[in-house]
Amino acid sequence: MLTVQGLSKDFTLHILNEKNIAACRDVSFNVPKGGFLGLSGPSGAGKSTVLKCIYRTYLPSSGAVWYDSAEYGRIDLATLPDRAVIDIRTREMGYVSQFLKVIPRVSALDIVMEPILARNGVSREAARERAIWLLERLRIPEHLFDAYPATFSGGEQQRINIAHAVSWKPRLLLLDEPTASLDSASVASVLEILGELRQEGTTMIGIFHDHELMASVTDSVFSIY
Amino acid sequence: MEPLIRIRGLSKRFGNGCERCLSSTGPEYETNRCAHCGSVVACNDVSFNLYKNEALGIVGESGSGKSTLVRLLHFEWDASDGSVELHSDAVLDALPELFEHGCMYSRNLLGLSPFQKRQVRNALMGIVYQNPFLGLRMNVSSGGNIAERLLGAGWRNIGAMRRRAAELLEKTEIPLERMDEPPKNFSGGMQQRVQIAKALSNNPLILFLDEVTTGLDLSVQARVLDLIRTLQSEFKLSLLVVSHDLGVINLLCQRTMVMKYGRVVEAGLTDQILQDPQHKYTQLLVASQL
Numbered sequence: 004m005l006t007v008q009g010l011s012k013d014f015t016l017h018i019l020n021e022k023n024i025a026a027c028r029d030v031s032f033n034v035p036k037g038g039f040l041g042l043s044g045p046s047g048a049g050k051s052t053v054l055k056c057i058y059r060t061y062l063p064s065s066g067a068v069w070y071d072s073a074e075y076g077r078i079d080l081a082t083l084p085d086r087a088v089i090d091i092r093t094r095e096m097g098y099v100s101q102f103l104k105v106i107p108r109v110s111a112l113d114i115v116m117e118p119i120l121a122r123n124g125v126s127r128e129a130a131r132e133r134a135i136w137l138l139e140r141l142r143i144p145e146h147l148f149d150a151y152p153a154t155f156s157g158g159e160q161q162r163i164n165i166a167h168a169v170s171w172k173p174r175l176l177l178l179d180e181p182t183a184s185l186d187s188a189s190v191a192s193v194l195e196i197l198g199e200l201r202q203e204g205t206t207m208i209g210i211f212h213d214h215e216l217m218a219s220v221t222d223s224v225f226s227i228y
Numbered sequence: 102m103e104p105l106i107r108i109r110g111l112s113k114r115f116g117n118g119c120e121r122c123l124s125s126t127g128p129e130y131e132t133n134r135c136a137h138c139g140s141v142v143a144c145n146d147v148s149f150n151l152y153k154n155e156a157l158g159i160v161g162e163s164g165s166g167k168s169t170l171v172r173l174l175h176f177e178w179d180a181s182d183g184s185v186e187l188h189s190d191a192v193l194d195a196l197p198e199l200f201e202h203g204c205m206y207s208r209n210l211l212g213l214s215p216f217q218k219r220q221v222r223n224a225l226m227g228i229v230y231q232n233p234f235l236g237l238r239m240n241v242s243s244g245g246n247i248a249e250r251l252l253g254a255g256w257r258n259i260g261a262m263r264r265r266a267a268e269l270l271e272k273t274e275i276p277l278e279r280m281d282e283p284p285k286n287f288s289g290g291m292q293q294r295v296q297i298a299k300a301l302s303n304n305p306l307i308l309f310l311d312e313v314t315t316g317l318d319l320s321v322q323a324r325v326l327d328l329i330r331t332l333q334s335e336f337k338l339s340l341l342v343v344s345h346d347l348g349v350i351n352l353l354c355q356r357t358m359v360m361k362y363g364r365v366v367e368a369g370l371t372d373q374i375l376q377d378p379q380h381k382y383t384q385l386l387v388a389s390q391l
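In order, the protein sequences belong to chains A and B. Heads up, my numbering is the position in the first sequence plus 3, with the first residue counted as 1. Heads up, my numbering is the position in the second sequence plus 101, with the first residue counted as 1.
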């Protein structure tokens, strides 16, 4: 489903005397359809860099990211034109970052409903139902549904972030520390939701701080040094 | 999907110009004023596509040419060079005379007569300026401001125009009992929302937003941004969002172009521009963000 081949990323900082930072070097791995790959390695090894190169938040410096798209067939995400990347992000590829980025003063419920409404062509009522179902599963108290996430605790924000990213059932899901800042009960509900997504066929790549947890949810782990 | 609008080589020069204007201006010379003849190269060779229901951001400092670009596309100023073409799907029914038989894209809009340009603008475009004084008549009622635009688009029935105005003001959250008040009585945020209502009155396909949240306080800014997002998805609008505020661009736009001294120095996905900027100027811009 996804084959990363010799992926490298360098940052050239023109404003710091052309300083060069090599964020990851010659990374290669393969994720089969429906699989769940964990990325491990010390802080600064380039785990997030690899995810961001796949999502194309970073422009890979060299190498290829072959992806078997439902819409386009086999494509190289590393060199795909911007418009096609947007299309893949809209229809197939989701990303859970460590931070929540939302318009201020939009309610938690609206934030989670938005991607469902924008993509799946469902009614407002159905989108609302699914969003409420997800928020409940993620143990967000009901009185927060119509509140603004900017005022939430770190753990609550992170769960809104996860609900937002998984609500539309992406085909490929990239997870950057989705369970960092969560208590154990919330971690369990996140893992349960991820497990259900996998059963429905979602392929995943994830970074987890907790090695035991990573070993328990993924099929295999790739180490980056 | 084919672009809704194709822009190629769009340029604007103020002054007589000389052979050395282009080779002595731009980011590498840190000026847009030709040292030899004094002409100003406000924007040069700008090419991009705008797709249906897409929000494209244009960032850059004052004088980078971003507002010039909007004024050229809105036909307020005449371009020195370049072409602007519309996809036939969007406008063939409304303006069949723009299309050669069987062509997917229109003739170059920049070559149309002033009358035809006005027609295209009335049929397709809306604009919201940073300064509401540019977009609104401050002494005419808010409803009247919208009616004026509808008259330009060919509406004649007063009752229908009034209903339309009320509908738009409601969408932009202006209390209906204030419909007959002139915008000069309103706060800055309300004036901006009346401007948005006016810009939407002719059901445009393309909305130009020129620094629309600059100068608004933060609470009002959030409300205007949310309104723009909602309206974009409801009306399937294409937005060209000009701003020097990277936060605004980040929330509204999937793709972004960065301009400096009249040139596009970088274009890409917005998150890539913000997290992995390639050009020296973009790196400086991102590193300077609060």
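By construction, these hints were calculated from the structure, which means they are not laboratory data. Bear in mind the structure is a predicted one, so any value in this text is a computation, not a measurement. The beta carbon of each residue, even a glycine, is placed where N, CA and C say it ideally should be. One should not assume that every hint holds.
[To be verified] Just some of the chain A residues that point at chain B, by a computed CB distance under 7 Å:
hint : residue
1    : L62
2    : S65
3    : W69
4    : L83
5    : D85
6    : L103
7    : S110
[Unchecked claim] Quick list of in silico lysine-lysine cross-link-like pairs, BS3-like style, CA-CA up to 27 Å:
hint : chain 1 : residue 1 : chain 2 : residue 2
8    : B       : K218      : A       : K172
9    : B       : K337      : B       : K285
10   : B       : K218      : A       : K104
11   : A       : K172      : B       : K337
12   : B       : K337      : B       : K153
13   : A       : K172      : A       : K22
14   : A       : K104      : A       : K172
15   : B       : K153      : A       : K104
16   : A       : K172      : B       : K153
17   : B       : K218      : B       : K381
18   : A       : K22       : B       : K218
19   : B       : K272      : A       : K22
Quiz item: Is the interface hint for A:D85 satisfied, with its Cβ closer than 7 Å to some Cβ of chain B?
Solution: holds, 5 Å
Quiz item: Hey, A:K104 versus A:K172, does the alpha-carbon distance stay inside 27 Å?
Solution: holds, 19 Å
Quiz item: Does the interface hint hold: is A:L103 within less than 7 Å of chain B, judged Cβ to Cβ?
Solution: Check failed: Cβ of A:L103 comes no nearer than 12 Å to chain B, outside 7 Å.
Quiz prompt | Agreement of A:K172 and A:K22 with the hint, judged by alpha carbon distance not exceeding 27 Å | solution = violated, 40 Å
Quiz prompt | Restraint outcome when A:L83 is required to lie within 7 Å of chain B by C-beta distance | solution = Violated - the Cβ of A:L83 stays beyond 7 Å from chain B, reaching only about 11 Å at its closest.
Quiz prompt | Pair hint B:K272 and A:K22, alpha-carbon separation not exceeding 27 Å | solution = violated, 50 Å
Quiz prompt | Restraint status (C-alpha distance of A:K172 to B:K153 at most 27 Å) | solution = Since the Cα atoms of A:K172 and B:K153 sit roughly 25 Å apart, the hinted pair holds (cutoff 27 Å).
Practice problem: With chain B as the partner, please determine if A:L62 meets the hint condition of a C-beta pair closer than 7 Å. | Solution: Holds - the Cβ of A:L62 comes within 7 Å of chain B, reaching about 6 Å at its closest.
Exercise. Could you check if A:S110 really has its C-beta closer than 7 Å to a C-beta on chain B?
Key: violated, 10 Å
Quiz item: Does A:K172 pair with B:K337 here, judged by a C-alpha cut-off of 27 Å?
Solution: holds, 23 Å
Quiz item: Within a Cα-Cα threshold of 27 Å, do A:K22 and B:K218 meet the stated pairing?
Solution: violated, 49 Å
Quiz item: Is B:K337 close enough to B:K285, meaning Cα to Cα at most 27 Å?
Solution: With Cα atoms ~31 Å apart, B:K337 and B:K285 exceed 27 Å; violated.
Checked against the numbered hints above, the structure violates hints 2, 3, 4, 6, 7, 8, 9, 10, 13, 17, 18, 19; every other hint is satisfied.
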